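Based on the sequences and whatever the hints tell you, model everything.
Here's the letter readout for the chains.
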Amino acid sequence: MPERLLLTGNHAAAYGAMLSRAEVISAYPITPQTMIVELLSELTASGKLDATFITVESEHSAMAACVGASAAGARTYTATSGQGLALMHEMLHWAVGARLPVVLTNVSRAMAPGWSIWADQTDILSQRDVGWMMLFAESVQEAQDFIIWSYRVAEQVHLPAMVGMDAFILSHTAEPLIVHDQSAVDAYLPKFEPIYALDPEDPRAYGGLVNRDHYFELRYKIFEAMDRAGELLVAAGEEFGEVLGRRYAPLEGYLLDDAEYVIVSAGALTSNVRQAVRDARARGIKVGLLRLVAFRPFPVAAMRRILAGRRKVAVLDRNMGPGHSGIFAAEVRSALFGSSSAPEVFDYVVGLGGRDVRVETILEVLDDLITRDDPEMALFVGVKGLPIGPIRKEAEVLR
Amino acid sequence: MTTGAKYTRQDFQTDQEVRWCPGCGDYTILASVQNFMAEMGVDKEKIVFVSGIGCASRFPYYMNTYGVHAIHGRAPAIASGIAVARPELSVWVVAGDGDAMSIGGNHLIHALRRNINLKILVFNNQIYGLTKGQYSPTSELGKRTKSSPSGSIDFPFNPVSLALGAEATFVARTIDMDRAHTTEILNRAYEHKGSAFVEIYQNCNVFNDKAFIALTGKEERDLNRIPLVHGEKVVFGPDRDRGVIIEGGTARIVSVADVGIDAIHVHDATAASAGPAYALSRLSHGPFGPTPIGVFRSVDRPVYEETLQQQIHDAQAKKGGGDLAALIASAGTWTVA
Chain A
1 MPERLLLTGN HAAAYGAMLS RAEVISAYPI TPQTMIVELL SELTASGKLD
51 ATFITVESEH SAMAACVGAS AAGARTYTAT SGQGLALMHE MLHWAVGARL
101 PVVLTNVSRA MAPGWSIWAD QTDILSQRDV GWMMLFAESV QEAQDFIIWS
151 YRVAEQVHLP AMVGMDAFIL SHTAEPLIVH DQSAVDAYLP KFEPIYALDP
201 EDPRAYGGLV NRDHYFELRY KIFEAMDRAG ELLVAAGEEF GEVLGRRYAP
251 LEGYLLDDAE YVIVSAGALT SNVRQAVRDA RARGIKVGLL RLVAFRPFPV
301 AAMRRILAGR RKVAVLDRNM GPGHSGIFAA EVRSALFGSS SAPEVFDYVV
351 GLGGRDVRVE TILEVLDDLI TRDDPEMALF VGVKGLPIGP IRKEAEVLR
Chain B
1 MTTGAKYTRQ DFQTDQEVRW CPGCGDYTIL ASVQNFMAEM GVDKEKIVFV
51 SGIGCASRFP YYMNTYGVHA IHGRAPAIAS GIAVARPELS VWVVAGDGDA
101 MSIGGNHLIH ALRRNINLKI LVFNNQIYGL TKGQYSPTSE LGKRTKSSPS
151 GSIDFPFNPV SLALGAEATF VARTIDMDRA HTTEILNRAY EHKGSAFVEI
201 YQNCNVFNDK AFIALTGKEE RDLNRIPLVH GEKVVFGPDR DRGVIIEGGT
251 ARIVSVADVG IDAIHVHDAT AASAGPAYAL SRLSHGPFGP TPIGVFRSVD
301 RPVYEETLQQ QIHDAQAKKG GGDLAALIAS AGTWTVA
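Chains A and B supply the protein sequences, listed in that same order.
Using this note's numbering, you'd call the opening residue of the first sequence number 1 and step up by one each time.
Using this note's numbering, you'd call the opening residue of the second sequence number 1 and step up by one each time.
Treat the hints with caution; some may be incorrect.
[Claimed, not checked] Rough simulated footprint, nothing fancy, chain B against chain A, three-plus residues with beta-carbon under 8 Å: (1) 29-38; (2) 336-344.
[Unchecked claim] Pairwise CB distance ranges, derived in the manner of DEER restraints: (3) Ala72/A / Arg282/B: 34 to 40 Å; (4) Lys233/B / Pro203/A: 40 to 46 Å; (5) His313/B / Ser334/A: 33 to 39 Å; (6) Lys393/A / Lys46/B: 34 to 40 Å.
[Claimed, not checked] Residues on chain A that point at chain B, a partial pick, calculated with CB under 10 Å: (7) Ala45; (8) Thr55; (9) Gln83; (10) Gly84; (11) Glu90; (12) Ser271; (13) Met320; (14) His324.
Since the hints were derived computationally from the structure, they do not count as laboratory data.
Fair warning: this is a prediction, and the values are worked out from it, not measured in the lab.
No residue lacks a Cβ here, since even glycine has one placed at the ideal position from N, Cα and C.
Okay, structure coming up:
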């Protein structure tokens, strides 16, 4: 029988790895992720989880150990955050090139300096082009379920996947969690069958020099696999609903039917957007929410279809790409480019370094969206002493 | 480097609230370092403290000097850049055992072998404190923590042995609670030209309390502290009746009466070979019994940044100041018709 527990996002992630029957876990402590691997360490030691837990001396080594374990044929999991994910970068590429379906949870925190451990998605989005699938959890339930969903697709396309979870807002917040029945998860997620597991009976070489003869084709196949992952995510999300009772999709719409204005958001921030949308609807504003659940592969076609014909779109970016705009907005604009009925996309950079994004903040954004004509490249919300607006070159922001 | 500036400890305190757990050994080390800085007399603006990540790494906030709170494990690398670019500065690195020997182990050993003029203070509490109590690379075998619920199976580093093996020219060990000894060691490290590695046993009273009780407890400390004094015989104990001999490269604790005082090892921190210092470092692997405290090794070797400057100077003396444009246009280039 499924169990109903009150758990934090971090502990839910540990349960997600346990339900997925991760066989090797390798991790290094980093705030605010540490609780995930602590619980996994306990679950492993107590025998509840039949896994090998490898503690290492850095995140780079953690991902390296995951790469080795996955190559050996084990279902492999790790968790990290911010600086730790950045330190893994080289090995993240390796997992993709070696086609190893490792799954990791990244508890998104701000990048240093200045030092901050609070929520900010620039860390995970800086890994945009390594070739990992990327999902963004909004709730404790999803922090658990997306790991299972990820393995299901990752192991079919032989690409790794990361699940993003916002620091503290989700990682340390307790919500009711349905811990699925293990046999149901087993029915959904069959045992990992690697194509080329390390096997002395069938020896192969790994990571060889390919030069100009084969490299391009290897990359082509990665691109193709990620493309396939898009369709498989939809199918596996539907099946999740059938087998485990909760249906997931790469995009989630809320009150979109007649919406003239759409707010696009990802991660835990979305729950406040949901409330703001309800409040604005009560005031007669036709607004809806489009939640970006999957960021890689990016649901381009569905997004074009859903946003076509809307009056205006606001993208909330708890991240930024200096020299351009918020990262989500850049992706949304790119997806809509060339569509004749595409709305203008207004990018609102909010809540960097964990600054609160309240329901009222989102309502202010919505008011700004309705009245503003020029979307600019990026609009900043909540910089001390400044109204919502584009960068002001002369403004003394920091003094 | 001493400039004769007159300071007190207060001159090195900042307006920042010191935020370690009540009872943390870091408070004592901070007081010792601030006091020593006043004694050292170097202008405040010529001192830099560089840290990485961990509890110890809050140090720069509390020092009224230049400070960099840098990346996890990278303090020795960042400090190397500072020291090489500005050799006139007094550059201090503060790291914990996790920062220095886990994620930053690589940078630590290379800074030491290069003999860059850095004073590296490693606050060893044998635990990851900031992430709330996981075993570290200096935790003893079998240690039960949240990341090792069945006991650690990782063989720990002996930081002094590691530094000696990394060709460090100055290696010492002291204890947070012993302020006089800490100050003496800080002074020796400061006076040393090149990399100085100082391991400071630091009690984490929250996640690894009493780890160093064998060396700090009233009953135990005189039994277990083996003071290393250059030029003197290595004897210890309340009655100084125990001593150390080195035979075949291995140090051993003996009763002085059994072997006779002449057989007892005379400590020579300046010995050409690091062998005896290494042997002494192997007397304990974690402070659970008799453990040497003091300066293990202090030898002269060219300092990296001085050698680097000399190389540049010599090359310029021989070939002149250099002209990049002329070099690019020199032999080996051709014009494509």
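Query - Unsatisfied constraints (hint numbers, rising) - result: Numbers 2, 4, 5, 11, 12, 13, 14, in rising order.
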